[in-house]
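Listed below are the residues making up each chain.
Protein chains: 2
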Amino acid sequence: MSKFLIDKYSALKPYTPGEQPRERKYIKLNTNESPFPPSRCAQRLAAREARRLYLYPDPNVTALTSLMAEELGVSADEVIMTNGSDEVLNFAFMAFCDENREALFPDITYGFYRVFAALSGVPYTEIPLGDDLTVSPDDYIGRRGTVFIANPNAPTGIALPLSEIERIVASDPGRVVVVDEAYVDFGTESAVSLIKKYDNLLVTGTFSKSRSMAGARLGYGVGSAELIPDLVRIKYSTNPYNVNRMTAAAGLGALLDRKYFKCNCKKIIENREWTASELSALGFEMTPTRANFLFVKSDKISGKELYLALRREGILVRHFDSPRISDYVRITVGSKKQMQILVDKIKNLSEMTK
Amino acid sequence: MSKFLIDKYSALKPYTPGEQPRERKYIKLNTNESPFPPSRCAQRLAAREARRLYLYPDPNVTALTSLMAEELGVSADEVIMTNGSDEVLNFAFMAFCDENREALFPDITYGFYRVFAALSGVPYTEIPLGDDLTVSPDDYIGRRGTVFIANPNAPTGIALPLSEIERIVASDPGRVVVVDEAYVDFGTESAVSLIKKYDNLLVTGTFSKSRSMAGARLGYGVGSAELIPDLVRIKYSTNPYNVNRMTAAAGLGALLDRKYFKCNCKKIIENREWTASELSALGFEMTPTRANFLFVKSDKISGKELYLALRREGILVRHFDSPRISDYVRITVGSKKQMQILVDKIKNLSEMTK
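Those protein sequence lines, which keep their order, are chains H and E. Residue numbers are given in our numbering: position 235 of the first sequence equals residue 242, and the series is strictly consecutive. Residue numbers are given in our numbering: position 247 of the second sequence equals residue 254, and the series is strictly consecutive.
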């Protein structure tokens with residue numbers, strides 16, 4: 008930190024991305040990436056766009072916004088495309104929270120919410136999950152504040168049913184509820200259908216997981232035609248060309264290739280269920296995940312030890328050294344082969360610790 | 008604007024990007040893009056990266072940062088790579104300005120400075136350019152505040168010599184001076200050489216103009232190894248994966264292809280000088296530009312009329328409807344052929360208005 012940094016940011020604790028080690032080749036099950044390459048159509052359109060990089064991108068991201076809206080069953084003016092869903096989440100913290108409107112989110116959730124709140128200098132309350140690590144909608148009802156709920160939640164993978172999301176949204180039309188659906192495509196019902204009914208709902212999503220585009224940075228927000236312009240205003244005040252030409256093209260390609268997308272989501276769900284049943288058989292406990300990751304613990308080995316042991320074996324998973332969840336590791340669901348290797352390695356470890 | 012937008016942003020006037028019309032094909036001389044495609048090496052590396060989009064980018068942008076540092080003759084810890092230079096400029100407004108440290112910049116300059124200041128809620132003073140539209144270094148000396156100077160300035164194209172930049176930086180080691188070198192490669196001496204001597208200097212640059220990559224969104228900041236971590240801290244609190252895989256790869260390719268870069272800069276300078284002399288011969292007045300654009304006016308036709316007349320003829324230039332410069336139009340320097348068409352069209356207009 009230099010002597011020039013303003014006081015406001017001197018205590019800021021930035022987000023810590025999952026490790027990306029380069030010293031050896033790992034099976035990467037630590038950042039919830041897809042094990043599948045992006046759609047060939049996405050690759051082709053992105054590659055073709057490389058020639059046209061000398062021209063600015065369309066700041067309105069017109070073509071992609073329209074196709075995304077079609078995919079979601081809404082109008083184009085109800086959608087904003089962003090540089091990853093982190094960007095639309097940051098915009099939402101900026102637009103809808105201030106000293107009089109705090110942010111509310113679970114104590115155990117996507118770690119960036121806390122950072123965004125601190126960055127914007129807005130107060131926030133972390134509402135404890137239940138003992139079973141579930142979100143209780145009633146905790147968010149009857150209190151002021153802008154709500155941020157990841158559904159399914161991370162790193163637990165536990166989803167709320169749509170009716171419960173609706174109950175939170177409907178409980179107070181005077182405040183915004185943001186539903187972060189980064190992992191929705193692996194078996195959770197989306198809240199997008201509610202945006203026609205509630206103007207205080209913002210749903211966010213990403214191409215990073217289910218559409219194999221973590222490396223391209225593409226996300227979106229869906230909300231009423233009154234709400235979206237607030238975010239567009241922030242976008243044009245920070246980063247008008249927020250979606251570059253190649254990413255916009257890749258996004259189009261990914262949306263056009265619906266079959267590949269559906270097929271990949273199905274495979275991830277199958278691999279998740281297979282891995283869950285194998286690990287259960289080995290005595291692991293886990294949350295009822297609907298995401299592309301498992302959140303597991305064992306009474307035979309601590310979360311930290313399991314993380315380190317797998318790392319030695321060439322498999323990266325994520326361990327959070329936080330109260331309440333330090334017993335767990337989060338394991339991204341990869342290809343069937345990756346999951347088989349994982350299960351084999353864990354079996355070997357179990358043998359050793361017998 | 009929805010009822011949910013916080014008061015702070017309700018009066019925000021977002022940046023207005025140059026128009027990108029789609030109804031007909033124009034010769035685009037309105038957004039200072041390069042007329043040349045990106046280096047083939049950049050295209051190839053970007054296209055190849057499309058396959059690997061399922062993996063997150065390297066948040067430290069390690070390879071590109073190292074090569075950029077080498078290109079600039081500094082160390083990697085003195086460089087931050089960003090999503091366009093708009094991002095590093097925004098970070099600088101966030102990191103180095105607050106209610107006690109206002110932002111200082113010319114009244115006529117890159118229009119985004121005003122927006123960034125408003126976005127961060129920091130006070131700012133716009134210091135009038137001289138009657139000849141030049142920046143007077145003495146206006147920035149002896150007053151508190153973080154200085155933002157585009158060198159060469161936009162939309163005038165006028166550059167300060169390095170000695171004058173140094174005088175501003177040296178005058179007060181207690182405040183940061185940001186030198187925005189978006190257009191430096193077309194004939195201005197860079198201030199990067201000063202960063203070893205002054206820890207209060209931040210130089211920013213972009214791949215949008217001289218490296219034909221406006222559509223990829225790549226910029227950078229260069230400063231002391233104490234200053235850069237402040238910006239990195241903001242990056243990790245907003246957008247850790249700010250440079251996507253394809254853009255990082257294209258950036259590497261562009262840096263590797265130095266010959267193409269040098270050759271394109273030379274051509275733009277030649278085309279600029281040719282166009283300037285043709286327009287002078289037609290009676291136009293213009294600023295002594297060092298950028299990839301001309302800033303011209305005529306006493307025979309108003310800036311607005313010239314803009315509209317050229318638009319009707321299929322050529323887009325930029326007109327700023329602002330006090331002091333509304334007589335001018337800004338014309339991006341394109342290929343020789345584009346410049347010839349421009350000059351011909353203007354000759355025809357001159358004939359008509361005789």
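Careful: at least some of the hints might be erroneous.
For chains that are exact copies, the list does not tell them apart, and a pair is met inside one copy or across any two.
Unchecked claim - Computed list of lysine to aspartate or glutamate pairs in EDC-like fashion (alpha-carbon distance at most 20 Å, straight line): (1) Lys20 x Glu133; (2) Lys20 x Glu233; (3) Lys307 x Asp65; (4) Lys15 x Asp105; (5) Lys204 x Glu277; (6) Lys15 x Glu109; (7) Lys10 x Asp206; (8) Lys15 x Glu77; (9) Lys10 x Asp84; (10) Lys15 x Glu106; (11) Lys274 x Glu292; (12) Lys10 x Glu109; (13) Lys10 x Asp179; (14) Lys10 x Glu233; (15) Lys15 x Glu233; (16) Lys10 x Asp105; (17) Lys343 x Asp105; (18) Lys32 x Asp65; (19) Lys10 x Glu277; (20) Lys354 x Asp139; (21) Lys10 x Glu106; (22) Lys352 x Glu280; (23) Lys307 x Asp105.
Simulated from the structure, these hints should not be mistaken for lab results.
Here's how the hints hold up against the structure:
1. Lys20 x Glu133: Close inside one copy (16 Å), not across copies (33 Å); limit 20 Å.
2. Lys20 x Glu233: between (33 Å within a copy, 18 Å between copies)
3. Lys307 x Asp65: neither (55 Å within a copy, 35 Å between copies)
4. Lys15 x Asp105: Both: 15 Å inside a copy, 9 Å across copies.
5. Lys204 x Glu277: neither (34 Å within a copy, 59 Å between copies)
6. Lys15 x Glu109: For Lys15 and Glu109, the Cα distance is within 20 Å both inside one copy (17 Å) and across copies (15 Å).
7. Lys10 x Asp206: Answer is between: at 10 Å across copies they meet the 20 Å cutoff, but 44 Å inside does not.
8. Lys15 x Glu77: neither (42 Å within a copy, 33 Å between copies)
9. Lys10 x Asp84: between (44 Å within a copy, 17 Å between copies)
10. Lys15 x Glu106: Cα proximity of Lys15 and Glu106: in one copy and across copies (14 Å, 11 Å).
11. Lys274 x Glu292: Neither way: Lys274 and Glu292 sit 23 Å apart in one copy and 66 Å across, limit 20 Å.
12. Lys10 x Glu109: between (30 Å within a copy, 16 Å between copies)
13. Lys10 x Asp179: For Lys10 and Asp179, only the inter-copy Cα distance (14 Å) is at most 20 Å; the intra-copy one is 44 Å.
14. Lys10 x Glu233: For Lys10 and Glu233, only the inter-copy Cα distance (8 Å) is at most 20 Å; the intra-copy one is 42 Å.
15. Lys15 x Glu233: between (31 Å within a copy, 18 Å between copies)
16. Lys10 x Asp105: between (27 Å within a copy, 14 Å between copies)
17. Lys343 x Asp105: neither (46 Å within a copy, 52 Å between copies)
18. Lys32 x Asp65: between (38 Å within a copy, 15 Å between copies)
19. Lys10 x Glu277: neither (53 Å within a copy, 44 Å between copies)
20. Lys354 x Asp139: Neither: 26 Å inside a chain and 78 Å across chains, both beyond 20 Å.
21. Lys10 x Glu106: Answer is between; shortest inter-copy Cα gap is 17 Å, intra-copy 27 Å.
22. Lys352 x Glu280: For Lys352 and Glu280, only the intra-copy Cα distance (18 Å) is at most 20 Å; the inter-copy one is 68 Å.
23. Lys307 x Asp105: neither (46 Å within a copy, 52 Å between copies)
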